[in-house]
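Number of protein chains: 4
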Amino acid sequence: MPLMTAGEIEALMREVFPAMPEDLYHIEEVADHYVRIRMPYRDDFLRPGGTLSGPSLMTLVDTAMYYAVLAMIGPEALAVTTNLNINFMRRPQPVDVIAECRLLKLGSRLAVGDVAIYSDGSPDMVAHATCTYSIPPRERGAAN
Amino acid sequence: MPLMTAGEIEALMREVFPAMPEDLYHIEEVADHYVRIRMPYRDDFLRPGGTLSGPSLMTLVDTAMYYAVLAMIGPEALAVTTNLNINFMRRPQPVDVIAECRLLKLGSRLAVGDVAIYSDGSPDMVAHATCTYSIPPRERGAAN
Amino acid sequence: MPLMTAGEIEALMREVFPAMPEDLYHIEEVADHYVRIRMPYRDDFLRPGGTLSGPSLMTLVDTAMYYAVLAMIGPEALAVTTNLNINFMRRPQPVDVIAECRLLKLGSRLAVGDVAIYSDGSPDMVAHATCTYSIPPRERGAAN
Amino acid sequence: MPLMTAGEIEALMREVFPAMPEDLYHIEEVADHYVRIRMPYRDDFLRPGGTLSGPSLMTLVDTAMYYAVLAMIGPEALAVTTNLNINFMRRPQPVDVIAECRLLKLGSRLAVGDVAIYSDGSPDMVAHATCTYSIPPRERGAAN
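Protein chains in written order, with the working numbering: chain A, 1 to 144; chain B, 1 to 144; chain C, 1 to 144; chain D, 1 to 144.
If you are wondering where the hints come from, they were derived from the structure by calculation, not from laboratory data.
Treat each hint with caution, since some may be false.
The list cannot tell twin chains apart, which means a pair is met if one copy fits it or any two copies do.
Stated by the list, open to error - Quick list of in silico lysine to any residue cross-link-like pairs, SDA-like style, CA-CA up to 20 Å:
hint : residue 1 : residue 2
1    : LYS105    : ALA116
2    : LYS105    : ALA79
3    : LYS105    : ASP32
4    : LYS105    : SER134
5    : LYS105    : PRO136
6    : LYS105    : SER122
7    : LYS105    : ILE73
8    : LYS105    : TYR118
9    : LYS105    : MET125
In isolation and in its complexed conformation, chain A is listed as follows (with noise of 0.2 Å):
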């Protein structure tokens, strides 16, 4: 189960990063393995036909795979990307962007997971990814 909630988690953000739009991400949920967050939409984001910019869309999948091992490992973890790789599919509308993680493997060096990624009240999806981060080990003496 998760060792941190949304709220720990944003918090940890804020203080880590204080240089990023407080409002930039909304945690939604966190379960075990899965977070789903929301990206208000922003008019920067936007590109020359009314639709969001590819690069707003990788930073989400990051953002949300970071978050997903962030809440299973807890904070003092400094886990990277490693790989990640994105199809884009539809083209999202200007709207509220939702970014669902869903953790396939979480081992001692490595983590695997997909995000599914949907314009807000559309059932069709964006874009998919999948996204490895490299967990580094643990110090020894360290709490787990």
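We have chain A already, so just place chains B, C and D on it with the hints.
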């Protein structure tokens, strides 16, 4: 809904790939945007350590995706793989392997799906893949 | 050979993305199926530990690929990313970052390229990505 | 520099995989962080339309990467594939296939490489892949 049944896909494969062993794969279910196939255990998939080879799983992924596309667009299709990404997460046991393919997008030019692979009888995912197929333009005069 | 020069691509970007900081990327070379761009160091890319963020590198990859496709097919193109796969291999240093994009295939419907990312002044690759763009059908009557 | 020669790798493969056809692959060059192998043409790789099967190319990619890792870290290694991403770009001709693997990173825990695949005698890349291997911790007291 699917245009082909499991039996029709298996008959097409026997016709088009007469050299493929008949019992290599067994289609267990064809549904809307979904196919599940079983790869019965064979000694020649084994690698040292008693695990199944990575290439046998990649071939299974590609086959599951091909069947899922065929089922939805029909036998005249000459779809070809353009991208395949696979994460190997756990050692597959020397038992039957199950692949579940879900089509996430079925456009006029590209189909995208993901494939979850399990050892028969175990709930943990052995491998997870995403796959893109390019669907060639239909001949003028074709039904769709 | 390229249809657009570095200056023409940068002018197009200023026109189409007026909100993008002008000094975010600098195109250093445009050649046949090849683009090299520099991302000057900015404090806001920094993450704790003195490294550059993964999303800033993914954005750089997507941009390098977009410029490489634009250079070869011209400004009327509305190409969109369909797949991006990136491996993060070494911590990028807090210095300028260089991206070299090479188009491996430029078909009528899909373009595939790879992007190598280096910290300025260091020979070791920081990250490596592959990227696919979908090229929409041209209007009838278009020049090519 | 490599710890194993082409002949030593081929001998190890014959010992560990006695069922593998001896003439399936031929190592043409082993160099620093680099291996080039040839897959001689075989009728059973053919698919309808006279092209080689995707799985035969994915197996070739995985093999080239395995040989490149083995060459650099030596025969005691039990490295396993954790991620493989491949883009199929052109139809391979019914001739020998050449795979060039370049190790982009060789860390203590992960090795990352890319593999370029060509039809013999043609300069255009048929497929391009990236591959990650996990390198297990060495036993204490091991030679290296």
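Tested hints:
For the homomeric pair LYS105 and ALA116, the shortest alpha-carbon distances inside one copy (16 Å) and between copies (13 Å) are both at most 20 Å. Taking the shortest Cα distances, LYS105 and ALA79 sit within 20 Å of each other both inside one copy (14 Å) and across copies (18 Å). Taking the shortest Cα distances, LYS105 and ASP32 sit within 20 Å of each other inside one copy (12 Å), while across copies they are farther apart (28 Å). In this assembly of identical chains, the alpha carbons of LYS105 and SER134 lie at most 20 Å apart whether taken from the same copy (12 Å) or from different copies (15 Å).
For a Cα distance limit of 20 Å, the shortest separation of LYS105 from PRO136 qualifies both inside one copy, at 16 Å, and across copies, at 17 Å. Within a single copy, LYS105 and SER122 get their C-alpha atoms only as close as 28 Å, which misses the 20 Å cut-off; across copies the closest is 14 Å, which meets it. Taking the shortest alpha-carbon separations for LYS105 and ILE73, only the intra-copy value of 12 Å comes in at or below 20 Å, while the best inter-copy value is 27 Å. Taking identical chains as interchangeable, the C-alpha atoms of LYS105 and TYR118 lie at most 20 Å apart only when they sit on different chains, with a minimum of 13 Å there against 23 Å within one chain.
Taking identical chains as interchangeable, the C-alpha atoms of LYS105 and MET125 lie at most 20 Å apart only when they sit on different chains, with a minimum of 8 Å there against 22 Å within one chain.
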